[in-house]
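Student: Now for the letters of each chain:
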Amino acid sequence: MSVTTNETPTRSETAPPAAPAPAQRRGFFAAGHYIPYALILPAAAVLLGIMAYPLFRLFDLAFQNINRYAYIVNPSLGKYIGFEGFGKILGDGQFWDVVLRSLYFTAELVILSMVLGMLFALLLNRVSNWVKVTVITVMMFVWAIPALVSGTVFRWLFASNGGVVDYVGFLLTGDESVKHYDWFGDPTVGLYVVCAAVIIWGALPFLVLGLNAALTQVPKELMEAAKLDGAGPLQSFRHVVIPVIRPFLLVTTALSFIWDFQVFAQIFSIRNTSPEDGYWTIGIYLYEKGIVASKYSDSSVISIAMILLMLAVLVFYIRQMLKIGANER
Amino acid sequence: MTTVDVQTDRPAERAAATPKVRTKVRTTGESRGMTWVWNTIGLGFAAAMGFPIYWMIITTFKTNKDLISKDPTFWPSSFSFDSYSTIFDDKAFLPALQNTAVITVGSVVLGLVIGFLAAVAVARFDFRGRNFFIVTMLVVQMVPLLAILIPLYVVMNEAGLTSSLFGVVLAYLVFTVPYVVWTLRSFIVNIPAELDEAAMVDGCTKWGAFFRVILPLTLPGLITTGVYSWIQAWNEFIVVNTMLSSGGKQTSMAWLTFYATTPTRGADYGAQMAGALLVSLPVILMFVIFQKKVSAGLTAGAVKG
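Respectively, the protein sequence lines represent chains F and G.
Quick note on numbering: the first sequence equals residues 1226 to 1554 in this note's numbering.
Quick note on numbering: the second sequence equals residues 25 to 329 in this note's numbering.
Be aware that one or more of the hints could be misleading.
A short, non-exhaustive set of chain G residues, derived as facing chain F with CB atoms under 8 Å [as the list claims (entries may be wrong)]: (1) Trp62; (2) Phe69; (3) Ile77; (4) Asp95; (5) Val205; (6) Met224; (7) Val225; (8) Cys228; (9) Gly232.
Worth flagging that the hints you see were computed from the coordinates, not collected in a lab.
All C-beta atoms, glycine included, are put in the ideal place defined by N, C-alpha and C.
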């Protein structure tokens, strides 16, 4: 043992070090070890350039005092102010209002859309085939409508003058005043009813079709066994169906959370591109501060808060996904 | 429905199984009468979901008289195509549509190529940093696009890419590439490695096996992810609205918001709806053409991330 270790350095001194290295590298190349790296190179470059670097700049901006004037007219006015920017935003009551509103709103959207999605997915298994085809066709169209457009359509549906929802309300109740009910006067109604309606409407196609597909994965034998054992529909749903589709349920809930938490286009267009502050969820708030008011540093702090909030909720989801990924290979 | 399937699958057991299955199913509420109830609820659901779209379409054909009438009409008193001629007379409409098409095609093609390569690497090779790469892809999907909008704008501005369509295409790769990698990965994993090994034994090079075996077998996956990227890029609005705001270029989504906010045009719901419908049409067509694959593939992609 000691002999070989003594010999090695002398050998490498005498032999030209260049000789073994190319041979080794040729083997390395021949074995194709470089191929995966070459394959992920473009993706890695893209992620570094348009994700990692902007993220770095996001943190950089958050510690400065940059607004549009300082940034464009006189960059030298920008300076690092440490956590002052964070203090300013976190000390702002409006920020906490927005965060709370976003969390309530997201909770409402996720719960309602998951429950409705599940109910209609179950319904799809009960109906005749032609009804199923009809529902799926309609949902494909709903799915295809851009969020911005659906916001515009719903604004028109809920308009207080000539809006069809108010008119139907009038037809049902016979009350003239219903005909001009202003759905948007009170942001609480506008946001939690109308905006929620558009967003859930747009989310249902994916959820219903996805959950319905997941439900078909439930083995029929299991359901029959549960019935033989005397389980009612509710019991077999809870003890047979839910466990089987659990992974899919978790993923769709997480996805709904991701989409609903950062929702923007629907609220933006339903309020005619200038939502009042009662409609500000975190996405709108970010846009109003960052783009409209050009407060780059302030909005960077808000962005960081948004990312952290999101990741905090999604740690659970990431772990789940890693488990699924690990099982697959 | 289910009982019929079971019976036709196993005709030999039919005689024995029929009475049992029938009674069992009846008790859980799948009798003819209940099916009728479920069908009614299902159709009601379809009607409720479809109503906004019906309303959108019917509005585009209404005459001005119908549009400004105090009570909305559920069927136009006469059909008019004025709304559509208003849209086509708008000089900004077609260029905006063209910009959207360029951006969408660009990001779909670029996203698919880049994502496909990375998906092959992740699905077929074991390499150092593989898990790190996968986790990164996953986490990236969770960073809200809105949150990096400002720094992205700043970076693109420094690179001179704001107000360029290519800059927008690059920005869209943030959401297309991770999705494409995740979805295609699960497609490629399901192609048995023996297939490309066999091809290589038969004299294909590594790249030959790649192009002749992996690529064709991933085609369904490429279509679904392509359609998904298409929808995302076509419907995206915040990034284009921010990045193209100063360059005099706009996409159809930005054009649409402009249509809604201008006071004179804001009142013209018919034209607004016609514009909205025309702008949504390319996505609707995508869904109609690829319906089956889209619903299957998108949900498969969602399960895998």
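Student: Are any of the numbered hints broken by this structure? If so, which, sorted upward?
Tutor: Hints 6, 7, 8, 9 are the ones this structure does not satisfy, whereas the remaining hints hold.
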